Amino acid sequence: MTLWDTIVAPTTPYGHSGIANIRISGSGSLNILSKLSGGQVFSNRYATLSSLRGVDEKFIDRCLVTLFRAPESYTGEDVVEISSHGNPAIVDAFVNAICECGGRIAEPGEFTRRAFINGKMDLVQAEAVAAIIHSKSIESSRSQQKILGGSLSKILTSLQTSISNLLSRVEHQLDVSEEDVSISEKKTLSSLLSEDIATVKQLKGTYALGRLLNYGATAVIVGETNVGKSTLLNCLSGSDRAIVSNIPGTTRDSIEVELLLGGVPVLFIDTAGFRTTQDIIEKEGVNRTYRHIEAADLIISLTDNPGKKHFKKSDKPTINVLNKQDLRGKKTNNSRVIHISSKKEIGIGVLKNRIIKELGINNISTEMTYLSTGRQYRAIKECSAALDRANNIIVPSSFDVELFSFEIRSSLDAIDAILGKTSPDDILNHVFATMCVGK
Numbered sequence: 001m002t003l004w005d006t007i008v009a010p011t012t013p014y015g016h017s018g019i020a021n022i023r024i025s026g027s028g029s030l031n032i033l034s035k036l037s038g039g040q041v042f043s044n045r046y047a048t049l050s051s052l053r054g055v056d057e058k059f060i061d062r063c064l065v066t067l068f069r070a071p072e073s074y075t076g077e078d079v080v081e082i083s084s085h086g087n088p089a090i091v092d093a094f095v096n097a098i099c100e101c102g103g104r105i106a107e108p109g110e111f112t113r114r115a116f117i118n119g120k121m122d123l124v125q126a127e128a129v130a131a132i133i134h135s136k137s138i139e140s141s142r143s144q145q146k147i148l149g150g151s152l153s154k155i156l157t158s159l160q161t162s163i164s165n166l167l168s169r170v171e172h173q174l175d176v177s178e179e180d181v182s183i184s185e186k187k188t189l190s191s192l193l194s195e196d197i198a199t200v201k202q203l204k205g206t207y208a209l210g211r212l213l214n215y216g217a218t219a220v221i222v223g224e225t226n227v228g229k230s231t232l233l234n235c236l237s238g239s240d241r242a243i244v245s246n247i248p249g250t251t252r253d254s255i256e257v258e259l260l261l262g263g264v265p266v267l268f269i270d271t272a273g274f275r276t277t278q279d280i281i282e283k284e285g286v287n288r289t290y291r292h293i294e295a296a297d298l299i300i301s302l303t304d305n306p307g308k309k310h311f312k313k314s315d316k317p318t319i320n321v322l323n324k325q326d327l328r329g330k331k332t333n334n335s336r337v338i339h340i341s342s343k344k345e346i347g348i349g350v351l352k353n354r355i356i357k358e359l360g361i362n363n364i365s366t367e368m369t370y371l372s373t374g375r376q377y378r379a380i381k382e383c384s385a386a387l388d389r390a391n392n393i394i395v396p397s398s399f400d401v402e403l404f405s406f407e408i409r410s411s412l413d414a415i416d417a418i419l420g421k422t423s424p425d426d427i428l429n430h431v432f433a434t435m436c437v438g439k
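Following this note's numbering, the numbering of the sequence shown begins with 1 at its first residue and continues without gaps.
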């Protein structure tokens, strides 16, 4: 990747549509536009109708062209956006013509990477761009829009300022005094540090809900054969996704359905039923059931008989469900069991609400700002650990100021890493490679 090149890519999905958009970014953008338009003059940030041609001067399409001069553009460079008819042949003709004029096809996420390098956004905001593109619900998109708008960056920057002020106070002591830090000063430092530790702890605690909102959860339906697991999956999904039969062992492979509950994507997995069998394929299905249980966020233990025991071989959160309520009439007195009839769709709303509660979906608010990537969480854990070590250094009997300063700097380095100020190239490559070519 050469960041001084002029790059081009469609920013809309490839295929037939009403409109397609082609983006050009780089120092050669205006020159390329001049060649395609025959020297037509374009005003900055205004959409202008233009008949564009290739280098062979053959007509390509009549388009709306918008010019964004640096630095007032998405990438911070000169940017040209061409809105053409949504025909793949037209899009290809434009991309080829632009490359013939000196451009090259952009790599995945390269437009956003240039925005990051040119200071238009930090790494947290760049990750939000990718999350918005891949979000599976409007709630997830809203949450990431807040982060793109700078909500998380402001929290981190404020925290960084507070910790930096603490470091300056300590280093001032090193510069002006050869004596030990006074007890009163230690108390002041400890108080200030405790406030920062509390802020980091609160921020670290947001990751569980942030991850849930943006990546979803997995719920595994388990139980013996013929208790109605496949019928429950079909009932939840509103379609016949799984084959339903009275023959034990019908479900041998896992069947998956993703649903939105409270704005969170929940992947429901119908698994092979537990029973002793000599069938090799069915045995493998049961083995897969246990693997799904190991990876699940929630287990739905299903039975159709009040006298049967529910699945208890996991410490994962579990909802005990008694199926075929329509055949029994009376409910049991066990308040920990949810009574349903998958066939008659009785109690399904109650079950969904319980799933929402068990997964913590009801605690999510799009007004809150969450950590949402593993990279952010790992870095804030490093920051938290460094501050905890610094806190342990402040003791009445002794105070190693240099070691204290080292730990405080380590915490600041961790925040820098989250914002992308000191992130290695391999981390940056991973972040931007997850984006599409046109972003």
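There's no promise every hint is true.
[As the list claims (entries may be wrong)] Here are the in silico distance ranges between beta carbons for each label pair:
1. LYS381 with ASP326: 16 to 24 Å
2. ALA385 with VAL41: 24 to 32 Å
3. THR161 with LYS309: 31 to 39 Å
4. ALA385 with ASN96: 23 to 31 Å
5. LEU327 with LYS381: 47 to 55 Å
6. VAL395 with THR161: 51 to 59 Å
7. LYS201 with ARG62: 53 to 61 Å
8. LYS146 with ARG62: 32 to 40 Å
9. ASP388 with SER314: 25 to 33 Å
10. SER365 with SER191: 28 to 36 Å
11. HIS430 with ILE138: 24 to 32 Å
No wet-lab data here; the hints were simulated from the structure. Since the structure is predicted, the reported quantities are computational estimates derived from the model, not experimental observations. Ideal Cβ placement from N, Cα and C applies to all residues, glycine included.
Hints versus structure:
One distance hint, 16 to 24 Å for the beta-carbon pair LYS381 and ASP326, is violated here, with the actual separation near 49 Å. The hinted window of 24 to 32 Å between ALA385 and VAL41 is violated, with their beta carbons roughly 58 Å apart. Restraint check, THR161 to LYS309: a C-beta distance of roughly 57 Å breaks the suggested window 31 to 39 Å. A beta carbon spacing of about 53 Å between ALA385 and ASN96 contradicts the range 23 to 31 Å that was offered as a hint.
In this structure the supplied range 47 to 55 Å holds for LEU327 paired with LYS381, their Cβ-Cβ distance being about 51 Å. Restraint check, VAL395 to THR161: a C-beta distance of roughly 27 Å breaks the suggested window 51 to 59 Å. Against the hinted window of 53 to 61 Å, the Cβ-Cβ separation of LYS201 and ARG62 comes to about 58 Å, which satisfies the hint. Taking 32 to 40 Å as the suggested C-beta distance range, the pair LYS146 and ARG62 conforms, at roughly 39 Å.
Distance hint check: the CB atoms of ASP388 and SER314 are about 32 Å apart, consistent with the given range 25 to 33 Å. Restraint check, SER365 to SER191: a C-beta distance of roughly 30 Å satisfies the suggested window 28 to 36 Å. For HIS430 and ILE138, the hinted distance range of 24 to 32 Å is satisfied, since their beta carbons lie about 27 Å from each other.
Checked against the numbered hints above, the structure violates hints 1, 2, 3, 4, 6; every other hint is satisfied.
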